[in-house]
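These are the residues of each chain, in order.
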Amino acid sequence: MSNAPFSLQGRVALVTGGTGAIGSAIVAEFLSAGAQVAFTGRRPELQVPSEVDGGVYLRGDSREDGAVKAAVAEVVARFGRFDILVNNAGVARDALLLRTNDELWAEMMETNLRGVFLFCREATRHLLKAREAGRIINISSIVAERGNAGQAAYAASKAGILGLTRALARELGSRGITVNAVAPGFIDSPMTARSIDAQGRADLELEIPLRRMGRCEDVAHMVRFLASPEAGYVTGQVLRVNGGLQV
Amino acid sequence: MSKHEIASEDKIAARVIETIAAQLELSRKEVQPEATFTEDLKADSLAVMELLLALEDTFDVQASDEEIDQMRTVQDAVQFVERQLAS
Ligand SMILES: NC(=O)c1ccc[n+]([C@@H]2O[C@H](COP(=O)([O-])OP(=O)(O)OC[C@H]3O[C@@H](n4cnc5c(N)ncnc54)[C@H](OP(=O)(O)O)[C@@H]3O)[C@@H](O)[C@H]2O)c1
Chain A
4 MSNAPFSLQG
14 RVALVTGGTG
24 AIGSAIVAEF
34 LSAGAQVAFT
44 GRRPELQVPS
54 EVDGGVYLRG
64 DSREDGAVKA
74 AVAEVVARFG
84 RFDILVNNAG
94 VARDALLLRT
104 NDELWAEMME
114 TNLRGVFLFC
124 REATRHLLKA
134 REAGRIINIS
144 SIVAERGNAG
154 QAAYAASKAG
164 ILGLTRALAR
174 ELGSRGITVN
184 AVAPGFIDSP
194 MTARSIDAQG
204 RADLELEIPL
214 RRMGRCEDVA
224 HMVRFLASPE
234 AGYVTGQVLR
244 VNGGLQV
Chain B
30 MSKHEIASED
40 KIAARVIETI
50 AAQLELSRKE
60 VQPEATFTED
70 LKADSLAVME
80 LLLALEDTFD
90 VQASDEEIDQ
100 MRTVQDAVQF
110 VERQLAS
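One line per chain: the protein sequences are A and B, in this order. Take the first sequence: its position 237, counting from 1, is numbered 240 in my numbering, and each next residue is one higher. Take the second sequence: its position 77, counting from 1, is numbered 106 in my numbering, and each next residue is one higher.
Keep in mind that a hint or two might mislead.
Quick list of in silico lysine to aspartate or glutamate cross-link-like pairs, EDC-like style, CA-CA up to 20 Å [what the hints assert, rightly or not]:
1. A:Lys132 / B:Asp89
2. B:Lys40 / B:Glu85
3. A:Lys132 / B:Asp73
4. A:Lys72 / A:Glu106
5. A:Lys72 / B:Asp98
6. A:Lys132 / B:Glu79
7. A:Lys72 / B:Glu47
8. A:Lys72 / B:Asp86
9. A:Lys72 / A:Glu135
10. B:Lys71 / B:Asp89
11. A:Lys132 / A:Asp200
12. B:Lys40 / B:Asp98
13. A:Lys72 / B:Glu54
14. B:Lys71 / B:Asp98
15. B:Lys71 / A:Glu174
16. A:Lys72 / B:Asp73
17. A:Lys132 / B:Glu47
18. A:Lys132 / B:Glu85
To give a feel for the contact side, a few chain B residues facing chain A, derived at Cβ under 8 Å [claimed, not checked]:
19. Leu75
20. Val77
21. Glu79
Bear in mind the hints are in silico, worked out from the structure with no lab data behind them. All residues carry an ideal CB built from backbone N, CA and C; glycine is no exception.
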């Protein structure tokens, strides 16, 4: 089986925010690719979707250093190695700039950017040992590059991820570790439903060359590709999964 | 210092040197006490970091940022491990 394309057989992965819409699709995709997978989130165990059955749930908040350290240590203790980190946990709260209070700004930065930094720092000591198998995949967003009215804080946090990704690609490249970002466009998910109404959605779909919103699986397929041995020569890139909305 | 302590210190030094040699892919002979990591042993800053991680794992010790900054030579690394193990 390990000769199958894009196989993750024998690889150990941690997906943050694996309880959410896109995260659970990534966990399911990794499991079907043969990886051993752990994932984080904050919700109680009972509210974890069934797609991720087979993965190990490590409940914890990405904003807390202790929880990040514990999650990474648990992966290594359980599986004996650490190859793939997917930083997917994120929150989006919309507000016009003049309504963006310090608390909202801090929440976006803490979860979407500092949480990613904490996981990268903690995982890297193990990824260095994984060498050529080592992968960091950070989930950014189309709004990092395109901007979006009402999402100043969110867009800034997601653009920060791109800088972090590029710097780490250069820093860790000599050890064979690749670091990339995936920038989803508008994905059919509760997060998008919260900020776009039915009319907005219809207008948006007309603007997208492929005429539909993305599916969580569309993102998960790209993440699997980046995690696979076949993507070993791809690093420091932003892979855009947006139906052509940004070309 | 008793004979026993001297022997165990030598042993630690030998294991530190062994770890450094393995990590930097050098022969043990090349890892002289006065050798500096960056100039003499041609380790880049990330390689020094990896070396520290290897020492931390091998000896179950923890280096502070300050100690990392001060570690320039093989002897510094040996002394760091000895200090940590003694405390
Ligand atoms: N949906 C889209 O259209 C879209 C577009 C572009 C980018 N993205 C990005 O894709 C990622 C996933 O989004 P999604 O649509 O799947 O959203 P979602 O369904 O709301 O999932 C978000 C995930 O992040 C976790 N999370 C949030 N804050 C956390 C914290 N402080 N500590 C630990 N986990 C935390 C959540 O865990 P709990 O729920 O268990 O707390 C959940 O698993 C996000 O980074 C998002 O910004 C989404």
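(message) So if I understand the rule, the pair passes when the alpha-carbon distance is 20 Å or less; does Lys132 (chain A) with Glu79 (chain B) pass?
(response) Holds, at roughly 9 Å.
(request) Given the hint that Lys72 (chain A) pairs with Glu54 (chain B), test it: the Cα-Cα distance must not exceed 20 Å. (result) Not OK: Lys72 (chain A) and Glu54 (chain B) at ~30 Å, beyond 20 Å, violated.
(message) Can you confirm whether the C-alpha distance between Lys72 (chain A) and Asp73 (chain B) stays at or below 20 Å?
(response) At roughly 26 Å apart (the allowed maximum being 20 Å), Asp73 (chain B) and Lys72 (chain A) break the hint.
(message) Holds or violated: Lys40 (chain B) and Asp98 (chain B), Cα atoms, limit 20 Å.
(response) Roughly 25 Å between the alpha carbons, so the hint for Lys40 (chain B) and Asp98 (chain B) is violated.
(message) Next pair to validate is Lys72 (chain A) with Glu47 (chain B); report whether the Cα-Cα distance is within 20 Å.
(response) Judged against 20 Å, a Cα distance of about 29 Å means the pair is violated.
(message) Under 8 Å is the threshold here; is the Cβ of Val77 (chain B) close enough to any Cβ of chain A for the hint to stand?
(response) violated, 12 Å
(message) Next pair to validate is Lys132 (chain A) with Asp89 (chain B); report whether the Cα-Cα distance is within 20 Å.
(response) holds, 17 Å
(request) Take the C-alpha atoms of Lys132 (chain A) and Asp73 (chain B), compute the straight-line distance between them, and say whether it is at most 20 Å. (result) holds, 17 Å
(message) Check whether the Cα positions of Lys72 (chain A) and Glu106 (chain A) lie no farther apart than 20 Å.
(response) The hint is violated at about 25 Å.
(message) Lys72 (chain A) and Glu135 (chain A) were given as a pair; does the straight-line alpha-carbon distance stay at or below 20 Å?
(response) Given pair Lys72 (chain A), Glu135 (chain A) is violated - Cα atoms ~23 Å apart, limit 20 Å.
(request) Measure nothing beyond the straight line between the CA atoms of Lys71 (chain B) and Glu174 (chain A); if it is 20 Å or shorter, mark the hint as holding. (result) Distance of about 17 Å is within 20 Å: holds.
(message) Check the hint pairing Lys72 (chain A) with Asp86 (chain B) against an upper bound of 20 Å on the C-alpha distance.
(response) holds, 16 Å
Hint violations for this structure: numbers 4, 5, 7, 9, 10, 11, 12, 13, 16, 20, all remaining hints satisfied.
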